[in-house]
Structures are given as structure tokens and as C-alpha cells.
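Peer 1: The chain contents come next:
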Amino acid sequence: MKSNKTDIQILSTPLSLDDCYNFILDESCGGLCLFVGTVRNHNKGKTVTHLDFEAYEGMALKELAKIAATAINEYGVKHIAIHHRQGAVGLTEKAVIIAVSSVHRKAAFEACEFAIAALKERVPIWKKEFLLDGSHWVNARP
Amino acid sequence: MKSNKTDIQILSTPLSLDDCYNFILDESCGGLCLFVGTVRNHNKGKTVTHLDFEAYEGMALKELAKIAATAINEYGVKHIAIHHRQGAVGLTEKAVIIAVSSVHRKAAFEACEFAIAALKERVPIWKKEFLLDGSHWVNARP
Amino acid sequence: MEIKCFGIAKEITASSSLKIDGAIPGDVKSLKEWLKLKYPAFNNINNCLIAVNQEYAEDTVALYPTDEIAIIPPVSGG
Amino acid sequence: MEIKCFGIAKEITASSSLKIDGAIPGDVKSLKEWLKLKYPAFNNINNCLIAVNQEYAEDTVALYPTDEIAIIPPVSGG
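Protein chains in written order, with my numbering: chain P, 24 to 165; chain F, 24 to 165; chain S, 47 to 124; chain C, 47 to 124.
So here's chain P without its partners, still in its complex pose (with noise of 0.2 Å):
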């Protein structure tokens, strides 16, 4: 889902850095910021060895597509890229990218910081841990 302004994908190959940084450089913007969110080795104490991101893909492009439309409308960005990974992913791997450009940074920062924040706290998307032990949902049990 590509705009001139915003760039959303949920991917089932490698996320690449350099296209989400590509398409958030412009001319007029001093200030960009980039989150990775790669997979960790380790999660509340027990050894992780990898995950798998399933993903309500519609509905996922649709609030992603939202998010994006507040960072720029309220936060006053020009540009967000927001690539997420789909399926089983390795450890190191990136799991999700949001980049974003701004004339200064201080909106860089914020646009940022809210994106991923909303992005954990209402798209569908869904994770599954895989422990040396088992494997779970994150979040589904109390």
C-alpha cells in the first residue's frame, strides 16, 4: 500500500532498511528516525528461538494505514514507511520497520514512538514464540 506520504507493507520476505529509508528521504526533511524491532533471543526469562507473525492482512493495512495518517496529520511528518514481517522469523531477524522523516527531529522522535506503540496495541497481528520448550501465543493467556 504505497501513497506519495506513506508506504505500508506486511512482507513474508527479509524487511530491507535501506528501501524504508529510501522512501522516506526528501529534500526538505533534516530529521528522520528509524525503529527496528528484530527478534530476541530471550523473553520473560526463558531461551526464544524464533517466532512466527500471522497477520489479519487486510484489516493490518488498514490500521497500520491509519496509524500512518496520524503521524503525518498530527505529528506533522512527511513521510512513514511501515514494513511488517509475516511468518516464521529468526532470531536478529527484523519483525517490524517504521521509518520516518520530519523537517526537524523532535517530530521524528514522537511520530516514531507512537507508531510502534500503535501498531502493538491495535493491528492484528499476532505472534507465536518459540521456546526450547514449547510454544505459545504472546499475550492470548492471563
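The hints are simulated quantities; they were obtained by calculation from the structure and are not laboratory data.
Accuracy of the hints is not assured; some may be wrong.
[Said to hold, decoys possible] Pulled from the structure, derived: some chain S residues nowhere near chain P, Cβ distances all over 12 Å:
{"#": "1", "residue": "LEU64"}
{"#": "2", "residue": "ILE70"}
{"#": "3", "residue": "GLU79"}
{"#": "4", "residue": "ALA108"}
{"#": "5", "residue": "GLU114"}
[What the hints assert, rightly or not] Here are the computed lysine-lysine pairs in the PhoX-like style, where the Cα-Cα straight-line distance is at most 25 Å:
{"#": "6", "chain 1": "F", "residue 1": "LYS28", "chain 2": "F", "residue 2": "LYS85"}
{"#": "7", "chain 1": "C", "residue 1": "LYS75", "chain 2": "C", "residue 2": "LYS56"}
{"#": "8", "chain 1": "S", "residue 1": "LYS78", "chain 2": "P", "residue 2": "LYS151"}
{"#": "9", "chain 1": "S", "residue 1": "LYS56", "chain 2": "P", "residue 2": "LYS85"}
{"#": "10", "chain 1": "C", "residue 1": "LYS84", "chain 2": "C", "residue 2": "LYS65"}
{"#": "11", "chain 1": "P", "residue 1": "LYS28", "chain 2": "F", "residue 2": "LYS85"}
{"#": "12", "chain 1": "C", "residue 1": "LYS50", "chain 2": "F", "residue 2": "LYS85"}
A virtual CB, placed ideally from N, CA and C, is assigned to each residue, including glycine.
Since the structure of chain P is already known, use the hints to place chains F, S and C on it.
Peer 2: Same frame as chain P, now just chains F, S and C:
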């Protein structure tokens, strides 16, 4: 200036986002935040054609090392890369990259924002701004 | 009426898409109750939301056979 | 005593390195006064700091001929 945890460089050649990213990547970290300062085509209502950075290299590396140490010791990030360009830098080129990795994202955002603010405040690097109608050292005059 | 299932909801229902024929739940609240009756395991996990036509839907939203309906367990992307 | 000049200080002194022979300023404050007397243009720009051996130095810091001394105009990196 490279250690296991910090990679601090002042370079006369184009900065590489991938170099910084690869340095901070860590199996134990899930949150990576990168800030890129690029050369903007305007400042205070005037058209900018390019910038020229001059660094007091020895002292700048020392001051950057202090900032990196604070990011690690006070903000709790695992790795930090700070690359700053010197010499002539054209529009949309990278003037500075700050990249940090941490277990969780909050520390990554905070440390990255702290580091760029501290850099702009105390690291002995100067920017000459070239406009359509002349040039001047930024911040030099009241 | 067809109901998409994701994440742990897919595990509980053992299906990525449920079909309800005949009397269908009239609103989101009825659907939630229907799901808990039919699949009691829903009582043991964190609260699921319902999306109607790819938007989060309150309990009072009415359901129609042609709606795109989905069970949304607690999300965990990023 | 040698004093490194950067940015606008290099422009004002027309040199990247000043040499002071004979009687040298005894501390940072004296050096600042000496600079403003010798190069009045320093009065027209924003306040410069002095670094001694690559550390920012207060006015009271004593200066020795072998110190690495630098004029630090307002920085503008990033």
C-alpha cells in the same frame, strides 16, 4: 574509535546506515532506534545548497565517547554507533547517524534522542551553511 | 455467516474460518456469547475483540450474513 | 603556545593555528581577553569557549605552553 559496544567515527566519505545497523545488531536486543540527520534544502526561510562540516577531530571523538558511555551506563543500551560526516555534504546526504540497540524499545528511543541532543550541544563540530546568496557559520552570530 | 479466526482463536476453533448456518448471532455481544458456549476454551484466554468489515466493533454493532467478521485475540505484533 | 582555531574563529584569525611567543596568557580568562584585544571581531560573535587538552575549560583553568589549546565557537554539528 571502535570497542565491543561503541563505534564512533568522523568520516570524510558518505555515511552508511548498514554499517551502523550491523554494528548495533545483537541477539539479546529487540529494539533498535536510528536517527539520521540529513542536509535539508532550506533553513530559516532561505534556500540551502549544501553544508560544510569542520571537526576538532580529537576532542570531538572524546566528547562523542562520553555521550556513548552515558547512553550505555545511564540509559542501558547495549550498543551505540555514532558516525558524523566532515567536509562538504550535499542535499539529502547524511550528516550524522546515531544508532542504538537495547532489550526494549523505550531505552533505545530515549538514548538515541539524548545522544543527538547532546551532540548538537557540546561536540566540537561546526557547520557552514551555503545559501544562494552567500555562506555563514551556523550559530556563530547573535 | 463466516468468521475468520487468527492466532489462538484459530487454535481453539481448530479452523481459520468458522461457518454459522441458520440462526446467526444478531450482534457482536451475541456472537461473543455464542463463541464461549460453543468453544469454552475462550473463557480461559484473554478477552478477544470482534472486527466487523475490518473495523473493531463494539458489543452493540449488528451483524449481517454478508459482513466480514473476525475474532481478534490480544494482538502482539511488532 | 599554540591555539587551534575552528569555524568562525579560523575566519576571524585568518589562521587554523595561532602562535603566541613570549608572555603567554596565564589562564583561560586572560586568553579570552587577549583574543578580544588582538581580534576585536570576537566581540561581534556569540561567546566562544576554550578547550584545554581537548576538554572544555573554565575561566580559572591555568594555561601552560605545552597545553593543547583550542578556541571553540558555538558548535553546530548534527
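Peer 1: Take the hints in turn and mark each one as holding or not.
Peer 2: Checked hints:
no. : hint                : verdict
1   : LEU64               : holds (15 Å)
2   : ILE70               : holds (21 Å)
3   : GLU79               : holds (20 Å)
4   : ALA108              : holds (19 Å)
5   : GLU114              : violated (8 Å)
6   : F:LYS28 to F:LYS85  : holds (15 Å)
7   : C:LYS75 to C:LYS56  : holds (20 Å)
8   : S:LYS78 to P:LYS151 : holds (23 Å)
9   : S:LYS56 to P:LYS85  : holds (22 Å)
10  : C:LYS84 to C:LYS65  : holds (13 Å)
11  : P:LYS28 to F:LYS85  : violated (39 Å)
12  : C:LYS50 to F:LYS85  : holds (17 Å)
The structure is inconsistent with the numbered hints 5, 11, although it conforms to all the rest.
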